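*Asks:* Join the two chains, each given in its own frame, into one complex according to the hints.
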Amino acid sequence: MENSSEFTPAIVGFLCNWCTYAAADLAGSSKLELPPSFTVIRVMCSSRIDHNLLLSTFFKGADGILVAGCHPGDCHYGEGNYYARRRFALLKKVMETLDMDPERLQLSWVSAAEGKRYAEVVGEFTENIRELGPNPIKNSTRF
Amino acid sequence: MSSIIIDTSASRGVTELLRFLLESGKIDAAITMRNDPENNTYDLGLITDASNLDEAVPLIPVMTVNAGQALSSISISRKKIAVVLKPCELRAFVELVKREKGSLENLLTISYTCGGVFPLDTVITEQIEELLPKYKKIILNGEIPVNTRDTCRTCEHFIPMNADITVSVIGECKPGAGCVMYLNTEKAEDFAEDFAGERSDRKFDPSALKKTLDARLAEKEKLFASITKDGPGLDRLLDTFGKCVGCHGCSSVCPICYCLLCDFESANFDYNLPYFEEHLSRKGALRLPPDTIFFHLGRLTHMSFSCVGCGMCSDVCPVDIPVAAVFKKTGEKTAALFDYLPGRDVEESIPVMVYKEEEFPDIG
Chain W
1 MENSSEFTPA IVGFLCNWCT YAAADLAGSS KLELPPSFTV IRVMCSSRID
51 HNLLLSTFFK GADGILVAGC HPGDCHYGEG NYYARRRFAL LKKVMETLDM
101 DPERLQLSWV SAAEGKRYAE VVGEFTENIR ELGPNPIKNS TRF
Chain P
1 MSSIIIDTSA SRGVTELLRF LLESGKIDAA ITMRNDPENN TYDLGLITDA
51 SNLDEAVPLI PVMTVNAGQA LSSISISRKK IAVVLKPCEL RAFVELVKRE
101 KGSLENLLTI SYTCGGVFPL DTVITEQIEE LLPKYKKIIL NGEIPVNTRD
151 TCRTCEHFIP MNADITVSVI GECKPGAGCV MYLNTEKAED FAEDFAGERS
201 DRKFDPSALK KTLDARLAEK EKLFASITKD GPGLDRLLDT FGKCVGCHGC
251 SSVCPICYCL LCDFESANFD YNLPYFEEHL SRKGALRLPP DTIFFHLGRL
301 THMSFSCVGC GMCSDVCPVD IPVAAVFKKT GEKTAALFDY LPGRDVEESI
351 PVMVYKEEEF PDIG
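Chains W and P, in that order, give the protein sequences. In terms of the numbering used here, the first sequence opens at residue 1 and continues consecutively. In terms of the numbering used here, the second sequence opens at residue 1 and continues consecutively.
Simulated from the structure, these hints should not be mistaken for laboratory data. Don't take each hint at face value.
20 Å max Cα-Cα, derived DMTMM-like pairs, lysine to aspartate or glutamate [unchecked claim]:
#1 W/K60 / P/E278
#2 P/K79 / P/D49
#3 W/K60 / W/D50
#4 P/K26 / P/D190
#5 P/K222 / W/D99
#6 W/K138 / P/D239
#7 W/K60 / P/D270
#8 W/K60 / P/D263
#9 W/K60 / P/D235
#10 W/K138 / P/D235
#11 P/K79 / P/D190
#12 P/K333 / W/E96
#13 W/K60 / P/E265
#14 P/K356 / W/E79
#15 W/K60 / P/E277
#16 W/K138 / P/E277
#17 P/K203 / P/E186
#18 P/K333 / W/D99
#19 P/K243 / W/D99
#20 W/K138 / P/E278
Bear in mind that the values here come from a model prediction, so they are computed numbers and not experimental data.
Chain P on its own, in the form it takes in the complex (with noise of 0.2 Å):
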């Protein structure tokens, strides 16, 4: 497989990427981030006429919905789809794939090595413009930029898995170096035949991020242990959990949480007044609304070995539960059982769909 040098910014290329693609009618629609400068603000474009491209910043640092749940219900579609996507959305895309919530037959998916996003709060607040210059230096240093997502500065996976293009984004992208496209597949040798850009043999270097890659494994066990509070289970939960409000508003950025309807928003969840009566004759008090706890541990026991810790719960969450820490934390512990990661490959079935005759000589 073979790379393109282009003697252009990351983004830029990118951008002319998609232009060319639309323009060539090689494929229908692009998928990417923008920006409204007029109103400061971002979203993920889908987009058909090229002349859209100019406000694309596919590579900005800002996730504003998690792309993979974005493209779920349009991946089905026969039209071709070009799509830039952060190789976590990228992961849950291919989570989405083994639940039969998309398909990746018509998609050509753009993903880049990840410095991290800012949280929302960041980009409803601060011109994001302004932060990029100091977040580049510290991404292209192999450093973490503090002011991202808690699970982005702790993420390993910033290498995108299956993509048909790797953009090299942080480590070897220096300014001035061009950007470098790695066509990872044969799909992406058909599309990004004709492109401009100077063709070379170079293939993607992971060990170039390993500095990278240190420093966020260095930062995810002091974030695993901030969210572990000393003391009986009870109160650990309640420490953790106790704030909760009931929103779902977790659930429904969750690009993993997709049923069409969640348990916890079904008749099995409506409280009749036997159950206030019944809970009460025996505690004398309970919260309102109920079960916002437990929620939490439904999704954890229903989901975790899918999360791929995008970080979009903990953005939404009003009352700052570290969502997304704890998911990320229970996620590698549960999909360690089978050895899983979600988004691997999309051949590698679901853990709970699957079992082997043999194994958990433990339990039972």
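Next comes chain W alone, as it looks inside the complex (with noise of 0.2 Å):
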């Protein structure tokens, strides 16, 4: 098991292109700190990404995944982050029924405007899943 204080979580962000993907480039372009393991999927929209999606990610030993997208109401096909928090409250509510460490999810809304709200985000849900350690079907041989 490595030390939590040397652990650098991989992260793995699900981001939407019309919000949270730009809010990510203007915290870049605004020199906030950004933790160097998070790694950036684009997405057209947090509804795009099915459920085996952030599975998979999961059982290829993500430490942590984060979905984020438009504030409620703010979509900018009108209505798919409504589903994405449907879908995504129902993976959660499965995993925490078999004790697999539902806190490793998160879904968040950062607009496009809110790069230093991304930087927030990102770093505090580094800062949890240290905490939390290494996924661990990350290492395991029976996966």
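*Replies:* Quick look at the structure:
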């Protein structure tokens, strides 16, 4: 087991093209501090993300997964993030029922203008995952 | 709405109703469980010629296939069909109708207060007819037969929802009390018009089945506790699904798992050499075939909220994973998120197809 002070969590962020991805750009150009271990995957909408995509990321060893999209009511396509929220609640409940560290999953709303909030969300989430330790599936030979 | 009382056993009464409907031309086909006494097998029969009804055992506590699933493609024909279903099969069918995989329009649904079914293992190794007298005695007493499916022993939805006709089998239907059929809809009244039997305005009384309900709920708590092992989440997951051989039998018999191309059988889950190389470079070993545990998690998130707890999945599992119990437990929790009950109402939307603007305030 890695020592938690040395542990750098591998986190995958699925970011909505229209808001959070732009916020990530803004955070970068504003020279805000961002954790180096955060891998960004750009999606066209938070509702684009199927459960299996998140589960697959989890089973492939991600320590944490962040899904981030437009604030409710501000979806580029009208209502995508409402569906995303339902699906997210569902996946979280399944992980909770099976005791699978549901805290490793987070959904956040970050608009294109919220570069600072983006840096905060990503920083806090990374810190939470660091405290939680590595995803046990990552190194398990039974998966 | 009225009821019909016929001086015969419930099973015979239903068979006679089907015979009447077929012979009078009110229906084109009937779907009911059948028995082949020569070969000691049971199956779900699709019958158009009334003479074949001699083999019908409509209320036999055996489920060889979830009739809701079997009905799916047949129900979209323009033929009038009467079908005898267990309450969970009817609920499964309603879930399929919501997914545009079936239609209630030309169906007359006949369901009954269900005492639970024997696992398929019992059906193939024992003589069901010999088990029946004891089974009937137990269910009439409001108790639970120990040799039925675990999901049946713990099923609280044994009173049909939305059936056109409800037949009383457990509780009030004491031996010699006759066959009582409740006509719940106008459709049922139309079909059963001119059918023999004494008409009455007796209403179905669910409170008579309170003893059964309490017994099942107590049993459910025990079942849910038994599938949870102490220890870290990962070990629990391995303890539950680690035996999976990846046959996908549970998904093929599941009435809700209807996708024509399942993601898990698609090219998304074709494993290439880079996949193995990447994983092995990190872990040094992995399970073959990969993702057998992921498969169950995927299914749980995709459709657990629609699980009706029929128990087909556990029955066909070659390595005895309690798939149905895990689905039932998880499904109850996921459905509760959306105040949903699978099969309750055909107008009720599937939770992932709708949303409310204000909900889940602690998410996001």
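*Asks:* None of the hints should be skipped; say for each whether it holds.
*Replies:* Right, here's what the structure says about each hint:
1. W/K60 / P/E278: With Cα atoms ~10 Å apart, W/K60 and P/E278 stay inside 20 Å; holds.
2. P/K79 / P/D49: Given that 20 Å is the threshold and the Cα spacing comes to 14 Å, the pair holds.
3. W/K60 / W/D50: Measuring from Cα to Cα gives roughly 16 Å; hence the hint holds.
4. P/K26 / P/D190: 9 Å, holds
5. P/K222 / W/D99: 19 Å, holds
6. W/K138 / P/D239: 18 Å, holds
7. W/K60 / P/D270: 15 Å, holds
8. W/K60 / P/D263: Measuring from Cα to Cα gives roughly 17 Å; hence the hint holds.
9. W/K60 / P/D235: 17 Å, holds
10. W/K138 / P/D235: 14 Å, holds
11. P/K79 / P/D190: Roughly 16 Å separates the two Cα atoms, so the pair holds.
12. P/K333 / W/E96: 10 Å, holds
13. W/K60 / P/E265: 18 Å, holds
14. P/K356 / W/E79: 10 Å, holds
15. W/K60 / P/E277: Status holds; Cα separation ~13 Å.
16. W/K138 / P/E277: 15 Å, holds
17. P/K203 / P/E186: Holds, because 15 Å separates the two Cα atoms, which is no more than 20 Å.
18. P/K333 / W/D99: Given pair P/K333, W/D99 holds - Cα atoms ~13 Å apart, limit 20 Å.
19. P/K243 / W/D99: Holds - the C-alpha atoms of W/D99 and P/K243 are around 18 Å apart, at most 20 Å.
20. W/K138 / P/E278: 12 Å, holds
Hint violations for this structure: none, all hints satisfied.
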